[in-house]
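Make the full structure from the sequences, and use the hints.
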Amino acid sequence: MNDILPQLDRVLNPRSVAVVGDKRAMGYFWLRNMSPFKGRLYSVQIDPNEIPGIVELGVSNCASLLDVPGDVDYVVCAVPRKVAPRVVADCVAKKVGGVSLFTSGFAETGEEEGTRLQAEIAATAREGGIVLIGPNCMGIYNRRLGVRQSVEQPAGDEGDVGFISHSGTHAINFSLIGAVQGLKISKSVSAGNSAVVGPADYLGYLAQDTETKVIGMYLEGVQEGRRLFDVLHRTTPLKPVVVWKGGLSEGGRRAMFSHTGGLATSAAVWQGLVRQTGVVATDSLDETVDAVKALLFTKPTTGRRMGLVALTGGQSVVITDAFEREGLEVPLLSERSYAELAGFFNIVGGSYRNPLDAGGTLGFGASPENLQRMLRVLEEDENIDAVAVEVSTRMMALQAPVGTPSADWLPEMLGRHREESAKPLMVILHPGHLESIAAQERQKYVERGIATFAGFEQAARAFARAVQYRRFAEGIE
Amino acid sequence: MSIASIIDRARTDGRKLLTEVESKEILEEAGIPTARARLATSADEAAAVAQETGFPVALKVVSPDITHKSDVGGVKLNVGSAAEAKAAFEEIVAAAKKAQPDARIDGVSVQKMARPGIEVIMGMSQDAQFGPVLMFGLGGVLVEVLKDVSFRLVPITPRDARQMVQEIKGRPLLEGYRGQEPADVAALEKLLLRLSDFIEAHPEIAELDLNPIFAYKDGALAVDARVILS
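Residue numbers (numbering that gives the first Met the number 0), protein chains in the order written: chain W, 0 to 476; chain U, 0 to 229.
Mixed in with the good hints there might be a few duds.
Label-pair distances were calculated between CB atoms; the ranges are [unchecked claim]: (1) D70/U to I475/W: 41 to 49 angstroms; (2) L4/W to P202/U: 56 to 64 angstroms; (3) E110/W to M0/U: 30 to 38 angstroms; (4) R170/U to A341/W: 56 to 64 angstroms; (5) R335/W to P171/U: 33 to 41 angstroms; (6) P171/U to N382/W: 25 to 33 angstroms; (7) D407/W to Y176/U: 30 to 38 angstroms; (8) A421/W to E174/U: 32 to 40 angstroms.
Per the computed footprint, the stretches of chain U lying under chain W, defined by three or more beta-carbons under 8 angstroms from a beta-carbon of chain W, are [to be verified]: (9) 123 to 132; (10) 145 to 153.
Note that these hints are calculated values from the structure, not bench results. None of these values were measured; they are calculated from a predicted model. Glycine included, every Cβ here is placed at the ideal spot set by N, Cα and C.
Here's what the structure looks like:
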């Protein structure tokens with residue numbers, strides 16, 4: 000499609016939304032998804048049994064899309080597949096911005112009728128010049144406007160993370176898991192079978208979208224590989240793109256074909272493309288969330304030299320292993336740093352060569368000022384590019400009565416340090432056996448914009464990926 | 000002959016696979032150094048060409064139907080005299096006819112035995128989703144058994160060429176292993192970039208196989224080459 004950007008802009012920032020075919024049996028899934036939407040919302044439903052339930056939701060119903068008053072920017076189509084061609088034709092007649100098809104049973108079935116129906120709706124949309132999202136997808140999510148893919152998704156405030164996904168499940172899960180880790184979605188698209196508009200188009204849009212600072216993608220088969228390659232090439236110098244590629248294993252390819260009808264890519268060719276375009280490649284949802292966190296919440300650096308603060312001897316060893324395993328370095332500090340650390344560091348049951356085995360010196364919380372001193376030393380040390388600090392859920396819980404939030408001195412101090420510091424900072428808050436306390440504690444760091452990870456390995460891997468991206472963008476690698 | 004006329008001739012013949020002689024001519028035109036091979040269509044011509052080339056020489060069967068020349072007894076290396084070259088021609092043609100009676104045999108290529116170097120391979124194939132993909136690897140067992148190769152989509156940049164060579168696991172072998180002379184990595188990178196340019200300029204080429212390339216401490220030479228048209 001020529002000049003699709005203004006059209007995508009209309010669809011992804013709709014002022015009016017129509018849901019076609021929502022019904023009680025689906026729990027009015029789509030109309031409820033749109034409940035926080037600030038613009039005009041309409042339902043299109045001809046079944047008289049369904050209409051009272053829709054009216055009860057406070058939504059006006061029309062018998063046809065063509066009867067909806069005014070312009071419609073975005074349509075969600077939830078009708079059976081046989082009816083889909085008529086709805087798409089109505090969308091063209093109504094000159095809507097775009098339509099997403101929740102309806103499935105198209106090319107992903109591999110059977111003749113589904114393939115034919117997909118070709119039919121695609122041709123109608125193309126000729127009519129409207130955006131067709133999917134079919135077989137969960138549509139779009141715009142957090143600011145309250146256009147959602149699920150009632151669980153937060154709405155009302157702005158976000159800065161874009162997401163494009165072949166899978167609706169992954170799009171929704173990314174937004175939900177991301178939300179509790181501080182990631183807010185600007186625009187997310189579930190691309191489904193991508194019969195007309197595909198990941199490369201959405202990527203081109205998010206690349207120029209000023210709201211979007213980092214882009215995440217979940218890809219299965221790629222239909223227009225060359226275009227995706229070109230758009231990735233153009234996007235990565237502007238903003239980081241994190242891509243989680245599914246279906247790289249033998250069995251995964253089979254599953255992928257019946258999911259979105261995608262063709263396989265060899266892992267080796269994919270790896271080549273990743274290095275060529277400077278894409279940040281991940282292998283799971285959690286890795287994708289972590290990589291986006293590292294890119295968004297840590298200050299950009301091309302340096303790999305870590306200053307590490309852990310609470311015990313055992314943790315000091317394994318935090319160092321974790322970061323070095325990911326190609327980061329844990330160097331010795333400068334002479335000046337050692338002279339300063341010698342002035343206050345408790346070397347009985349601790350050491351400060353880097354990593355700093357700091358639990359004793361912090362009095363396990365009794366001497367918070369010593370953490371501030373350590374952070375200042377690492378800040379000024381020219382051998383150090385970035386800092387990671389272990390926070391122990393167990394020690395937090397031991398200090399405070401179990402189940403109640405601990406004192407907030409630590410997140411406050413780290414939040415202040417993050418603001419003042421020129422170097423990237425990350426916090427590792429391992430939940431251990433205290434998951435609910437960890438979740439409460441994590442919120443305090445997340446609120447302060449601190450990149451917080453559930454383990455040393457996750458922090459190290461995510462940060463290594465962020466550094467790799469910065470090095471690519473700076474032309475170092 | 001120019002690249003276009005070699006391709007035209009093959010098209011007219013209804014052939015997709017270019018012979019070694021044709022493939023090398025094309026690559027030379029593209030600025031890729033090859034161990035030049037000349038076609039001999041008789042035993043006497045083989046002897047004469049060998050004499051002109053200078054001994055020792057290598058003789059290989061030239062046939063549009065034979066892909067793996069050594070499998071059919073179609074290769075003789077280190078041929079040291081005109082008499083041996085004559086005999087080698089007859090043996091190669093006989094062996095190839097026996098192994099593949101239907102194959103059209105154009106003759107035998109004669110080339111100077113290349114000074115041995117570190118064996119590497121470069122190739123191009125078509126990916127269903129991404130189009131032409133360039134490949135680099137170390138030759139022999141490392142590529143066949145360990146699949147120690149790197150890929151990039153065409154076109155590549157100098158950074159890509161550098162990383163393609165860097166990222167293979169067998170890279171220490173290129174740096175001079177156990178007294179072997181190191182490979183001219185810069186020459187290999189340049190070769191990859193030229194191949195990328197060549198592939199971009201000739202979308203009619205479907206596949207390309209330079210195997211082996213001998214890498215020396217100064218430069219590199221494609222010893223065998225195969226070009227397949229789309």
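Results of checking the hints against the structure:
Judged by the Cβ atoms, the range 41 to 49 angstroms given for D70/U and I475/W holds: they are separated by roughly 46 angstroms. Range check, L4/W to P202/U: Cβ separation about 29 angstroms, and the 56 to 64 angstroms hint is violated. The hint said 30 to 38 angstroms for the Cβ distance between E110/W and M0/U, and at roughly 51 angstroms that hint is violated. In this structure, R170/U and A341/W break the distance hint of 56 to 64 angstroms, their C-beta atoms being roughly 43 angstroms apart.
The supplied range of 33 to 41 angstroms is met by R335/W and P171/U, whose beta-carbon atoms lie about 39 angstroms from each other. The given range of 25 to 33 angstroms is respected by P171/U and N382/W, whose C-beta atoms sit roughly 29 angstroms from each other. For the pair D407/W and Y176/U, the supplied restraint of 30 to 38 angstroms is violated, since their beta-carbon distance comes to about 59 angstroms. In this structure the hint that A421/W and E174/U lie 32 to 40 angstroms apart at CB holds, the actual value being about 38 angstroms.
Check on the region 123 to 132 of chain U: 6 of its residues sit with their Cβ under 8 angstroms from a Cβ of chain W, so the three-residue criterion for coverage holds. Counting residues of the region 145 to 153 of chain U whose CB falls under 8 angstroms from any CB of chain W gives 6; the rule of at least 3 is met.
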